[in-house]
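Construct all of the structure, not just a fragment, from the sequences and the given hints.
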Amino acid sequence: METQMARGSVGSKITEQDEEKQPKTTFKDDENPKRHDLTTCEICNKDLFAPKNFPCLHSFCEMCITDYVKRIKREKKSKGQTPNVACPICETPATFRSVDNPKEFAESLQTSTLSATLLSKRAEKSRECSQCPSVQKSEATFWCFYCAQALCENHESYHKTVTSSKVKHQVFPIKNIRDVPDSIYKSQHCRYHEKNPVVHFCMDHLNSCCSICWKRMHKVCNVIPIDQAARIVHKSRITSDLQQTIDHLLVKVNDTLLERKDLMKDIHKQRNSSMKAVKMFRKDLDSYIDSLQTNLELDIENHFSQTKEQFEREIHDFENKRSNFEHYLKLIKSINECSQPIQSLSELTDVRFQCNEIEESIGRTLFQMKNSRLSVTFISIQQIAHVISKLGSAVITETSRRSRMLRPASDSRGKSRHSTHISTSSRRSNNR
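With this note's numbering as the guide, the letters of the sequence shown map in order to residues 1 to 432.
I should point out that these hints are in silico values taken from the structure, not numbers from a laboratory.
Just to be clear, a hint being listed does not mean it is correct.
[Stated by the list, open to error] Here are the simulated lysine-lysine pairs, DSS-like style, with alpha carbons at most 30 Å apart:
id, residue 1, residue 2
1, Lys168, Lys103
2, Lys168, Lys70
3, Lys276, Lys370
Now the structure itself:
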């Protein structure tokens, strides 16, 4: 039993073999049939165990995150670099937390209550212990919401002895899995003040907030208790409006990707045209300038490589953004189908926050983007004697994008331009 629970005991007594376990997943493997499954960890390719959300809302096993951070720290240390942890899927930075202790870093991430809910529905049907060997499955009688694991009586007893005292593992009889208290689904901490619980909801900005956020950033807003907001928002158009916003952003990201890929093709053609022009010009020169031709070709290649790398970075960035929006649409679909009202509020607020963050990033990126063109300028044959050190210059002509596809998003703590305003009977004066 002890061996079986080694992976299952989050924050528990880890063996030396577990300590050295390395994630071997290729994160960009789109052919993986389990990829984008909201119940599967994309590091270990197994059902999520103690699911934790990165700020971008991608979920992984708590222990997989711990091992992932350890590996990042080792790699960066060997290169003399600062360990900056980012999401293994979309590369969104997560360095707002200390990575000195990888285990504590993983534990500090927000629990993915949506993934736990999806797994609990499966466990409710199968009633099989998650920790028993596959050939000898015992009937599960308990469910640990933190671990997202169904447990038989033996493993539930063992679970109590190995789980960390720093982390609260709430275990329920599996027959009562649908009657878990709403408090489990609430966001544990404010994203700006992590020691404070989320207890309020701003109806003007559609954001959950702690008491400090309420007083500092939503003082003149219509703020109500989060439990009351959950009942109101669950019946409102916030889900459909958020989905429309993501669809809108996804279209713009796809349009930008198409544009940049077209420019990538053009820059290849321009490189080829420039190289041909160099060779035509070369025919008019004497043999002693062979080396100058080589220098010019290298100049072209250098400019081409730099521009190509820029396009590749932009394409890679927008492909990640597209992947995020597709992931958020799946989150919304699962929230609509499976989430409890208070859970929907928390999850949708997180999705909206991430959309605003990415939208702001898109706006800044598009504002800074340049359309580059590669060409070659030549000197006349008569001037060769005076400028024999070079044949010409390879230049990239950059032009600003005349129309930006997105304007910078408003601060996520401020009013979103896609927000849906919902009238409530509880006005501002009643909430203070």
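Structure-based check of each hint:
no. : hint            : verdict
1   : Lys168 / Lys103 : holds, 15 Å
2   : Lys168 / Lys70  : holds, 24 Å
3   : Lys276 / Lys370 : holds, 25 Å
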